[in-house]
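As a plain string of letters, each chain reads:
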Amino acid sequence: MGKLTIQDLKKIKENASKKMTLRGEKGDIKVIVHMGTCGIAAGAREVMETLMEELGQADHENIQVVASGCLGMCSSEPNVTVEIQGKTPVIYQHMNANKMRQVFKRHVLKGEVQTDFALARG
Amino acid sequence: MSKIRTQLMLCGGTGCSATSPAVREVFEKELERQGLSEEVQIVETGCNGFCTLGPVMLVQPEGIFYQKIKPKDVPEIVEEHLLKGRPVEKLFYVEPASEETIPTMNEIPFFSHQMLRVMRNKGLIDPEVIDDYIARDGYFGAAKALQEMTPGQIIEEMKISGLRGRGGAGFPTGLKWEFASKSPGDIKYVLCNADEGDPGAFMDRSILEADPHAVLEGMIIAARAINSHKGYIYARTEYPLAIRRLTIAIQQAREYGLLGEDILGTGFDFDIEIYEGAGAFVCGEETALMRSIEGKRGMPRPRPPFPAQKGLWEKPTILNNVETLANVPQIILNGGEWYSGVGTETSKGTKVFALSGDVNNIGLVEVPMGISLRTIVFDIGGGIPNKKEFKAVQLGGPSGGCVPEQHLDIPVDYEEIAKVGAIMGSGGMIVMDENTCMVDMARFFMDFIQDESCGKCTPCREGTRRLLEILNRICEGKGKPGDIEDLEELSSVIKESALCGLGQTGPNPVLSTLRYFRDEYEAHIYEKRCPAKRCVALLKFEIDPDLCSKCGACFRHCPAEAITWKKKDVAVIQKDKCIKCMTCFEKCKFGAIF
Ligand SMILES: Cc1cc2nc3c(=O)[nH]c(=O)nc-3n(C[C@H](O)[C@H](O)[C@H](O)COP(=O)(O)O)c2cc1C
Numbered sequence: 001m002g003k004l005t006i007q008d009l010k011k012i013k014e015n016a017s018k019k020m021t022l023r024g025e026k027g028d029i030k031v032i033v034h035m036g037t038c039g040i041a042a043g044a045r046e047v048m049e050t051l052m053e054e055l056g057q058a059d060h061e062n063i064q065v066v067a068s069g070c071l072g073m074c075s076s077e078p079n080v081t082v083e084i085q086g087k088t089p090v091i092y093q094h095m096n097a098n099k100m101r102q103v104f105k106r107h108v109l110k111g112e113v114q115t116d117f118a119l120a121r122g
Numbered sequence: 001m002s003k004i005r006t007q008l009m010l011c012g013g014t015g016c017s018a019t020s021p022a023v024r025e026v027f028e029k030e031l032e033r034q035g036l037s038e039e040v041q042i043v044e045t046g047c048n049g050f051c052t053l054g055p056v057m058l059v060q061p062e063g064i065f066y067q068k069i070k071p072k073d074v075p076e077i078v079e080e081h082l083l084k085g086r087p088v089e090k091l092f093y094v095e096p097a098s099e100e101t102i103p104t105m106n107e108i109p110f111f112s113h114q115m116l117r118v119m120r121n122k123g124l125i126d127p128e129v130i131d132d133y134i135a136r137d138g139y140f141g142a143a144k145a146l147q148e149m150t151p152g153q154i155i156e157e158m159k160i161s162g163l164r165g166r167g168g169a170g171f172p173t174g175l176k177w178e179f180a181s182k183s184p185g186d187i188k189y190v191l192c193n194a195d196e197g198d199p200g201a202f203m204d205r206s207i208l209e210a211d212p213h214a215v216l217e218g219m220i221i222a223a224r225a226i227n228s229h230k231g232y233i234y235a236r237t238e239y240p241l242a243i244r245r246l247t248i249a250i251q252q253a254r255e256y257g258l259l260g261e262d263i264l265g266t267g268f269d270f271d272i273e274i275y276e277g278a279g280a281f282v283c284g285e286e287t288a289l290m291r292s293i294e295g296k297r298g299m300p301r302p303r304p305p306f307p308a309q310k311g312l313w314e315k316p317t318i319l320n321n322v323e324t325l326a327n328v329p330q331i332i333l334n335g336g337e338w339y340s341g342v343g344t345e346t347s348k349g350t351k352v353f354a355l356s357g358d359v360n361n362i363g364l365v366e367v368p369m370g371i372s373l374r375t376i377v378f379d380i381g382g383g384i385p386n387k388k389e390f391k392a393v394q395l396g397g398p399s400g401g402c403v404p405e406q407h408l409d410i411p412v413d414y415e416e417i418a419k420v421g422a423i424m425g426s427g428g429m430i431v432m433d434e435n436t437c438m439v440d441m442a443r444f445f446m447d448f449i450q451d452e453s454c455g456k457c458t459p460c461r462e463g464t465r466r467l468l469e470i471l472n473r474i475c476e477g478k479g480k481p482g483d484i485e486d487l488e489e490l491s492s493v494i495k496e497s498a499l500c501g502l503g504q505t506g507p508n509p510v511l512s513t514l515r516y517f518r519d520e521y522e523a524h525i526y527e528k529r530c531p532a533k534r535c536v537a538l539l540k541f542e543i544d545p546d547l548c549s550k551c552g553a554c555f556r557h558c559p560a561e562a563i564t565w566k567k568k569d570v571a572v573i574q575k576d577k578c579i580k581c582m583t584c585f586e587k588c589k590f591g592a593i594f
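One line per chain: the protein sequences are A and B, in this order. Each residue of the first sequence is one higher than the last, beginning at 1 in the working numbering. Each residue of the second sequence is one higher than the last, beginning at 1 in the working numbering.
A portion of the hints provided could be inaccurate.
What the hints assert, rightly or not - Computed list of lysine-lysine pairs in DSSO-like fashion (alpha-carbon distance at most 30 Å, straight line):
#, chain 1, residue 1, chain 2, residue 2
1, B, LYS577, B, LYS478
2, A, LYS18, B, LYS3
3, B, LYS587, A, LYS19
4, A, LYS19, B, LYS144
5, B, LYS587, B, LYS68
6, A, LYS11, B, LYS540
Derived by calculation from the structure, the hints in this document are not laboratory data. Owing to the predicted nature of the structure, the values given are computational and were not obtained by experimental measurement.
The following block holds chain A by itself, in its conformation from the complex (with noise of 0.2 Å):
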């Protein structure tokens, strides 16, 4: 890297806040998955590898996801919660590959709620 000038350390700036969005200001927009026992046995792995992989395509940085625990409905996991701030969080069941990133596409990206495999508002 040679000699810095001050357009050259504005755009460090912000490739490096990008990897960094983690760790200061929260995202607006929150996506969960649900990783009990229960919802890896029904394949939440699946679900979160292909949930980051899509994350890694948008480029978009005020998303945060986060693994958490079971949801107490295990017999429709996989479970994913999407939580945009100001809106109620919906939460949808027996999610897949696919699904996954049918809601992400379309309701994490865009705001469009999929109701056809949404268990629950709130």
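Once you have looked at the hints, place chain B with the ligand on chain A.
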């Protein structure tokens, strides 16, 4: 491309890094095993501040705080928390007073009463990665100073901020820079004092370990203000981690052209070198420090001339403390007004303290000026361990004084602290409980001062030795009438006639303990009694049958088998076998031994 969803901010400060590398190793293995290496990233940070709980780790973005992590806990954290999302409760923080379990860092009182400015990046950035610092507005203060401001404007902003030197003396930083900027000469120097010699102090070390670039940036701005092109950081060799991170930081800044020639294309040149000092306390004094960099024996010289006129190699020089410099970039970026928005009339901004001694939460804390000492000791510090009573808090180490219970509500403010006979100092804060003997405490600091006196001037060289002799005698039960008066007279002569700050402030611990705990000196001298039961020579090693609970703890722990005890009987110490090791004193919960 995959993304990271969780970051493990593992503390790599000096305290935690005694064991955190082993913890990190197991984390790497377990994350791999659970297939999480791609999603979960480990970031090694500088000192988190809560050293007593080390190794500590913050899980982001949730903010879950784990303490005292052992390598064997790691598989559980990875499987339960990182994979299944169930935080591991047994590693949460437990509030000592209420015994309440607190999962997230921001809710722990130790953190929630603090105000982070100097330490704002601690635990958030990897100190060995310059981009992390830049992401948090790093070097934007320097960019502003170099591109948009004149030296005069920089100095004006510093004056408005009200920042005063954090090295102990509290001299206004803007004024110091102004003097040096007005001194004629083409060659000038900017020095950073990272000698940190006070026993019990580790603020500067932690700042350097957690955020080394902030200090470099502060120096660049200072250099611009006085038009200097060369700086030195005087750091003690005993700080290997701080020196390593500084070296990396300087290297990275040079690669980016933030140090060296034509910084940020502005035409301004400045570079920094580290000078490792051998760890003599006196070398923290400004004139001694400069002689030491010149390659001479570190001894002070009389002032004037002040360093702003004739400093390093006789050239105009400014010397600032690590914490002082770490404040500078934010002052330039946010303005002096912003900075002075926090604090009291004469003391602005925040102050970092190294909290240690008889207090539950030992560690590093940054608080707004004006907060009371009581809040620091009892809310942030969590009070005194083992249900003991608070006795006093020592501020400013060997140059400072103690603040007893009756003054604990005073605010953190240079002038208010001086009024009660202590000093703000550089940030050492040692809490003492009822079992501390104040004469012994004064003796400890005098032993240090006497040892560290460079010997150049007679009042300090001879005077501190005489003070120590008297204090030793008193603690050994050989005190005599007139000793207190001699201590007072000698102290005042040394304070007035010593060459440098070391001698001028050295008697402070004696004077301040005499001011508040004169009765303890008198008990030692006239009654041959140590009220805190600390001075071995004044103890009888007998057991008070009225206080003895007949529990046998002393009997079981005595290494010399000098105690006889039977169930339901008062224990007895056999004086011919007793080796006066104090074990029984520490084990007796009832204060029955005297
Ligand atoms: C004996 C003695 C030791 C000192 N040790 C230190 C030290 O370790 N670190 C420090 O910053 N200042 C120390 N000082 C104060 C420095 O002389 C000087 O005032 C200070 O570094 C100036 O920086 P500031 O204005 O930013 O506080 C010491 C002073 C004396 C008399």
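Structure-based check of all given hints:
1. Of the supplied pair hints, the one linking LYS577 (chain B) and LYS478 (chain B) holds, its CA atoms being roughly 24 Å apart against a limit of 30 Å.
2. Note on LYS18 (chain A) and LYS3 (chain B): the hinted pairing holds, with a Cα-Cα distance of about 11 Å set against a maximum of 30 Å.
3. Taking the CA atoms of LYS587 (chain B) and LYS19 (chain A), the gap is near 52 Å; set against the 30 Å cutoff, the hint is violated.
4. Distance hint between LYS19 (chain A) and LYS144 (chain B) is fulfilled; the C-alpha atoms sit about 25 Å from each other, no more than 30 Å.
5. The suggested pairing of LYS587 (chain B) with LYS68 (chain B) holds, with an alpha-carbon distance near 26 Å, which does not exceed 30 Å.
6. About 72 Å separates the Cα atoms of LYS11 (chain A) and LYS540 (chain B), which puts this hinted pair outside 30 Å; it is violated.
When each numbered hint is compared with the structure, violations occur for hints 3 and 6.
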